[in-house]
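Asker: So the chains spell out like this:
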Amino acid sequence: MSDFEPKIVAFFCNWCTYGAADLAGVSRLEYPPNFRVVRLPCTGRLNPKFIMEAFKRGADGVWVSGCHPGDCHYIAGNYHARRKFILLHQLLESIGVEPDRLRFSWISSAEANKFQAIARDVVEHVKACGPNLAFRKEELKLGLAEVA
Amino acid sequence: MPALEDVAKKIRESAKRLLAEGRAEVVVGYRRGTIPLTTAPFFARTAEECDQLVWSNFARINLANYLPGRKKVALVAKGCDARSAVGQVVENQIPRDELYVIGVPCTGMVDNALVAAKEPRPIREVVETTDDSFTLKGEGYSVEVRKEEVLRRNCRTCAHRTPKLADELAAPEVPGATPDDFADIKALASKTPAERLAHFKDLIKDCLRCYACRNACPLCYCPICFVDETRPQWLGKSNDPMDTLTFHLLRGLHCSGRCTSCGACETVCPVNIKVREFNRILELTVQKEWQYEPGLSWDQKPPLTMFQTDDAAEFIK
Chain H
4 MSDFEPKIVA FFCNWCTYGA ADLAGVSRLE YPPNFRVVRL PCTGRLNPKF IMEAFKRGAD
64 GVWVSGCHPG DCHYIAGNYH ARRKFILLHQ LLESIGVEPD RLRFSWISSA EANKFQAIAR
124 DVVEHVKACG PNLAFRKEEL KLGLAEVA
Chain S
5 MPALEDVAKK IRESAKRLLA EGRAEVVVGY RRGTIPLTTA PFFARTAEEC DQLVWSNFAR
65 INLANYLPGR KKVALVAKGC DARSAVGQVV ENQIPRDELY VIGVPCTGMV DNALVAAKEP
125 RPIREVVETT DDSFTLKGEG YSVEVRKEEV LRRNCRTCAH RTPKLADELA APEVPGATPD
185 DFADIKALAS KTPAERLAHF KDLIKDCLRC YACRNACPLC YCPICFVDET RPQWLGKSND
245 PMDTLTFHLL RGLHCSGRCT SCGACETVCP VNIKVREFNR ILELTVQKEW QYEPGLSWDQ
305 KPPLTMFQTD DAAEFIK
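Respectively, the protein sequence lines represent chains H and S.
End of the first sequence sits at 151 in the working numbering; the numbers just go up one at a time, nothing left out.
End of the second sequence sits at 321 in the working numbering; the numbers just go up one at a time, nothing left out.
Keep in mind the hints are simulated off the structure, nothing from the lab.
Where hints are given, some of them may not hold.
One-sided and incomplete, this derived list gives chain S residues near chain H with beta-carbon spacing under 7 Å [claimed, not checked]:
| id | residue |
| --- | --- |
| 1 | I127 |
| 2 | D244 |
| 3 | M246 |
| 4 | S260 |
| 5 | L308 |
Below, in silico cross-link-like pairs of lysine-lysine (DSS-like), each with a Cα-Cα straight-line distance of 30 Å or less [claimed, not checked]:
| id | chain 1 | residue 1 | chain 2 | residue 2 |
| --- | --- | --- | --- | --- |
| 6 | H | K10 | S | K76 |
| 7 | S | K195 | S | K278 |
| 8 | H | K144 | S | K205 |
| 9 | S | K168 | S | K20 |
| 10 | S | K168 | S | K76 |
| 11 | S | K205 | H | K140 |
| 12 | S | K195 | H | K87 |
| 13 | H | K130 | S | K321 |
| 14 | S | K278 | H | K52 |
| 15 | H | K140 | S | K195 |
| 16 | H | K87 | S | K209 |
| 17 | S | K209 | H | K144 |
| 18 | S | K241 | H | K144 |
| 19 | S | K195 | H | K144 |
| 20 | S | K205 | H | K10 |
| 21 | H | K10 | S | K321 |
| 22 | H | K117 | S | K321 |
| 23 | H | K140 | S | K168 |
| 24 | S | K190 | H | K130 |
| 25 | S | K278 | H | K144 |
| 26 | S | K20 | H | K52 |
| 27 | H | K87 | S | K292 |
| 28 | H | K52 | S | K209 |
| 29 | H | K87 | S | K14 |
| 30 | S | K195 | H | K52 |
| 31 | H | K52 | S | K292 |
| 32 | H | K130 | S | K195 |
| 33 | S | K76 | H | K140 |
| 34 | S | K305 | H | K87 |
| 35 | S | K241 | H | K10 |
| 36 | H | K10 | S | K209 |
| 37 | H | K87 | S | K241 |
| 38 | H | K140 | S | K241 |
| 39 | S | K190 | H | K87 |
| 40 | S | K205 | H | K52 |
These numbers were taken from a predicted model, which means no experiment stands behind them.
Virtual Cβ for every residue (Gly too), placed ideally from N, Cα, C.
Modelling step: build the complete structure from the supplied sequences, incorporating the hints.
Answerer: Rendered as structure tokens:
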């Protein structure tokens, strides 16, 4: 499956990574188009069930990105998020989610180049993992063999 | 070895005193179960009702589950239950001055699945007088079982058997056991992701999603649980393996840094799933990252309600 193009759900904080994606766009920095972006007010808004929902509905990868620690628009949202991510990351890795399928990053709204680099990196790693077959719901597996 | 009846007497005395003094309006404790190898939760509101309170090797359910929203309540609590009760206070589910904890130092509770494995014949009656053994009786037989051999997993590794923050103790203090070394969880690191997933899918393959684990859990007091939400619906109503896995993962996350390993979830599981496996992964992480154990202090905040500016998270780049 060399022509596999992954679908990646990206959860971006409105105040930083979302801006970085914008800046990358207006700066004509090229990056792969495999993302479906969900804009969050803050990474603190990210509920772990969003990530599970993405995988269950067949996303091949999930990318969560927010403001650098100390830069939160709401003072401490990303500090709280970080504790949550530590547990979530540990749990999902322990039960068998490939580490490359789930990515966390801090990207400020000025870091368009970093955004471009990580976007490419995420797609590359998720591609290497192959399609998400293990974590999607049974009903979504119907007919998958025909299209794949 | 204190006789169970002596402990029960102390519990009844305390219960009656608390009701008479008006310190409590209800005492939540255990009474004899209607079938062998069980106890049932019991709410004693009068002195006569207090006489039904017992202590047993089968007092497995965590009664802290009945605390949220209650007023003037006295709770009969093992080490783990007392820690859950502290958690309820810390999480503002019940004010400290509405709660009175009758702590019972506990040498562990019995796993009925292990009893059934030892004694497959139908059990008609259980006779228990001390807290280190009991006698099973059935059609034409009577065997004595040492409790040590049939302890629940979480009881074998319980470091906090004596409720340290109880208002009074109904029995002499007992030493804690060697704490959980999480050897099986640590061993996961050497497996491939596919092997790990196979292990956990196998673990929950029998799950009916009856939510008994959630209902028995003193941490699960949300007015509407995420599994019952319908707009949006986060969990399908069928028994899709991914929905089941999601349920266990999210429940694990919700209980992280709060779980006192009381084992109520595993006790009530009708298909004997080791539900705590998910909690233990997170328990290990919480202990490693934040050196936190829940329920050991009245004013220590749960780790997920606070943060350090230098929390280590190298995986976020």
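Asker: Take the hints in turn and mark each one as holding or not.
Answerer: Consistency of the hints with the structure:
Evaluation of the I127/S hint against chain H yields a violated restraint, the C-beta minimum of about 36 Å exceeding 7 Å. Given hint, D244/S at the interface with chain H, holds; its Cβ is 5 Å from that chain's nearest Cβ, closer than 7 Å. A least Cβ separation of about 5 Å between M246/S and chain H falls short of the 7 Å threshold, and the interface hint therefore holds. With a least beta-carbon distance of about 5 Å to chain H, the hint placing S260/S at the interface is held under the 7 Å criterion.
Checking L308/S against chain H by beta carbon gives a least distance of about 6 Å; that is within 7 Å, so the hint holds. Proposed proximity of K10/H and K76/S is contradicted: the alpha carbons are some 55 Å apart, above 30 Å. A distance of roughly 19 Å separates the Cα atoms of K195/S and K278/S; the hinted pair therefore holds under the 30 Å criterion. Proximity of K144/H to K205/S is assessed by CA-CA distance (about 17 Å); at most 30 Å being required, the pair is judged to hold.
For a cut-off of 30 Å, the pair hint linking K168/S to K20/S stands: about 23 Å separates their Cα positions. A distance of roughly 21 Å separates the Cα atoms of K168/S and K76/S; the hinted pair therefore holds under the 30 Å criterion. Restraint check for K205/S and K140/H: satisfied, since their Cα atoms lie roughly 13 Å apart, inside the 30 Å limit. Taking the CA atoms of K195/S and K87/H, the gap is near 24 Å; set against the 30 Å cutoff, the hint holds.
The suggested pairing of K130/H with K321/S holds, with an alpha-carbon distance near 19 Å, which does not exceed 30 Å. Restraint check for K278/S and K52/H: the C-alpha separation of about 22 Å stays at or below 30 Å, so the hint holds. Straight-line distance between C-alpha atoms of K140/H and K195/S comes to about 24 Å, which keeps the hinted pair within the 30 Å bound. Restraint check: the Cα-Cα separation between K87/H and K209/S comes to about 27 Å, which is no more than 30 Å; the hinted pair holds.
The suggested pairing of K209/S with K144/H holds, with an alpha-carbon distance near 18 Å, which does not exceed 30 Å. Distance hint between K241/S and K144/H is fulfilled; the C-alpha atoms sit about 18 Å from each other, no more than 30 Å. A distance of roughly 26 Å separates the Cα atoms of K195/S and K144/H; the hinted pair therefore holds under the 30 Å criterion. With a CA separation close to 24 Å, the supplied pair K205/S and K10/H stays within the 30 Å bound.
A distance of roughly 21 Å separates the Cα atoms of K10/H and K321/S; the hinted pair therefore holds under the 30 Å criterion. A hinted pair counts as satisfied when its Cα atoms are at most 30 Å apart, and K117/H with K321/S qualifies at roughly 10 Å. Distance restraint check for K140/H and K168/S: the Cα-Cα separation of roughly 46 Å exceeds the 30 Å cut-off, and the hinted pair is therefore not satisfied. Pair hint K190/S plus K130/H holds up; C-alpha atoms about 29 Å apart against a cutoff of 30 Å.
Of the supplied pair hints, the one linking K278/S and K144/H holds, its CA atoms being roughly 28 Å apart against a limit of 30 Å. Simply put, K20/S and K52/H have alpha-carbon atoms about 47 Å apart, too far for the 30 Å limit, and the pair is violated. Distance check on the hinted pair: K87/H and K292/S sit about 15 Å apart at the alpha-carbon level, within 30 Å; holds. Proximity of K52/H to K209/S is assessed by CA-CA distance (about 21 Å); at most 30 Å being required, the pair is judged to hold.
This hinted pair does not check out: K87/H and K14/S have alpha carbons roughly 43 Å apart, beyond 30 Å. Of the pairs offered as hints, the one joining K195/S and K52/H holds, with about 25 Å between alpha carbons and a cut-off of 30 Å not exceeded. With a C-alpha separation of about 24 Å, the suggested pair K52/H and K292/S falls inside the 30 Å cut-off, and the hint holds. Note on K130/H and K195/S: the hinted pairing holds, with a Cα-Cα distance of about 22 Å set against a maximum of 30 Å.
Proposed proximity of K76/S and K140/H is contradicted: the alpha carbons are some 47 Å apart, above 30 Å. The hinted pair formed by K305/S and K87/H meets the criterion: a straight-line CA distance of about 15 Å does not exceed 30 Å. Between the alpha carbons of K241/S and K10/H the distance comes to roughly 26 Å, so the proposed pair stays at or under 30 Å and holds. For the hint linking K10/H to K209/S, the alpha-carbon distance of about 28 Å falls within 30 Å, and the restraint holds.
Between K87/H and K241/S the CA atoms are separated by roughly 27 Å; this keeps the pair inside 30 Å, and the hint holds. A C-alpha spacing of about 12 Å is found between K140/H and K241/S, which places the hinted pair at or below 30 Å, so the restraint holds. For the given pair, K190/S sits about 20 Å from K87/H by alpha-carbon distance, which is consistent with the 30 Å threshold. Distance check on the hinted pair: K205/S and K52/H sit about 18 Å apart at the alpha-carbon level, within 30 Å; holds.
When each numbered hint is compared with the structure, violations occur for hints 1, 6, 23, 26, 29, 33.
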